[in-house]
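Start from the sequences and build out the full structure, keeping to the hints where you can.
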Amino acid sequence: MAKKSRSRERTPSMRQQRQEAERRRGRRRRGMLLGGLVLVLVVGIGLTVRYVQQRNLPIRLQGAVDNHYTLGPPGAAVVVKEFSDYT
Amino acid sequence: MEGALKRFEGKVQFVLYPFVLNSRSEVATEAALCAGEQGRFWDFHRLLFRRQAQWSHIVNPLDRLLEFATDLHLDTAALASCVKSDRMLKLIKADLAYGASLQVQSTPTLFVNNERIIGARPEVELVRVIQQELTRAQRPTP
Amino acid sequence: MPNAQLHKVSASPHSWRRLVMAPWVAVCIRLVVGALFVLAGFSKLVLPHAEVVAYIQQYPVIPSALVPLIATVLPWLEVVSGTALLIGFCTTPAALLIAAQLLSFSLLMLVIILRGVAIEDCGCFGNWGWHETPLQVLIRDLIMLVMLWPVVQRQRDVWSVDAWSQDAG
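Protein chains in written order, with my numbering: chain F, 35 to 121; chain R, 1402 to 1543; chain P, 40 to 208.
Note that these hints are calculated values from the structure, not bench results.
We put the CB at the ideal spot given by N, CA and C, even for glycine.
A few of these clues could be false.
[To be verified] Covered by chain P, per the in silico footprint, the following chain R stretches (three or more residues, Cβ under 8 Å):
no.	segment
1	1441-1449
2	1496-1509
[Said to hold, decoys possible] Only pairs whose alpha carbons sit at most 25 Å apart, straight line, appear in this in silico DMTMM-like list of lysine to aspartate or glutamate:
no.	chain 1	residue 1	chain 2	residue 2
3	R	K1485	R	E1438
4	R	K1407	F	D119
5	R	K1407	F	D100
6	R	K1494	F	D119
7	R	K1412	F	D100
8	R	K1494	F	D100
9	R	K1407	F	E116
The following block contains the structure:
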């Protein structure tokens, strides 16, 4: 009789422990997912910012030659634009 | 830069954008652009760099720059009047804005087509980058 | 009374330790240091790569072959480690990674100062306003290094992803 009552006591707490372990694993997975998502979001924002900056550069570099002093032929395959200061 | 340009004569165009960083440079740039009205921009431009130590520390270097103009046999009265009228400021401000739009932070900054080069670099490096861009430009487009 | 006096003397270092190890202190440190690193990283990401290269080239002790690689990797390292610390995700590894960066920057600045290399702007925050000299950077980074100690010690805190995911409930 004593043995039966002890085994009855053990079974629910083992089940509880298993459930608790599952819950903990679940929370850890959700935590990793949340943290990972935030990092991916931030990296995504960084990549977008860099892409937008660099995409616009060639467009802005075209033209803007008028009213400036130049050397060499217009329409050359390579254009060197120099921004300089005299001091 | 001019040494590098001589090597690629006819294949490379060089465009200068004054990117003024302080009031002394602003006066010098106005003087160079005004000398340009008398057809002597590039001579004045080279003189400003060659004699940089003689004028760049002076708060208002106009008088010193007018001495340079005399050496180049320019009409100094016209030059002085041009500088004092500030009519070159519009172009200077436009170039500052253009440089800012390209995120130019320091001088000299060069763009060899889309390739950005920052700081004074040896001629051999400029030649390499120009050659690279020429090769790229000569490749047939797909 | 002797017991009361003994209590008063021994409470002083303990109360400092309690203050430093208080949860809210670690949270504030995480937020400040994490945010600074995120800002530093983004301030370099918005710059053209060549500009970041130019900033790093100011430091002659860095081998020139490594400069482009550092210019590419450093902003991302700052952003990712700063974000992880800010949200308290993998807090201890993030804090250790940031501590490693702070230690490297501090050593670099120390060498620059000892060599007498003149640098007007470290480039730590790109062109977002702060222009710091090597000495200012050294002091700031050493302070942040010390500040990170409670964060590393506590391992898990309130207001963090780690605490939320580890909460036994």
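Hints and how they fare:
Coverage of the segment 1441-1449 of chain R by chain P is violated. Counting CB-CB distances below 8 Å, 0 residues qualify, and the rule asks for three or more. For the segment 1496-1509 of chain R, the proposed coverage by chain P is satisfied: 3 residues have a C-beta within less than 8 Å of a C-beta in that chain, meeting the threshold of three. Between R/K1485 and R/E1438 the alpha-carbon distance is near 15 Å, which keeps this suggested pair within the 25 Å criterion. For the hint linking R/K1407 to F/D119, the alpha-carbon distance of about 22 Å falls within 25 Å, and the restraint holds.
Distance restraint check for R/K1407 and F/D100: the Cα-Cα separation of roughly 22 Å lies within the 25 Å cut-off, and the hinted pair is therefore satisfied. For the hint pairing R/K1494 with F/D119, the CA-to-CA distance comes to about 13 Å; that is within 25 Å, so the pair holds. With a C-alpha separation of about 19 Å, the suggested pairing of R/K1412 with F/D100 holds against the 25 Å cut-off. Restraint check: the Cα-Cα separation between R/K1494 and F/D100 comes to about 15 Å, which is no more than 25 Å; the hinted pair holds.
Pair hint R/K1407 plus F/E116 holds up; C-alpha atoms about 16 Å apart against a cutoff of 25 Å.
Hint check: a violation occurs at hint 1 only; the rest are consistent with the structure.
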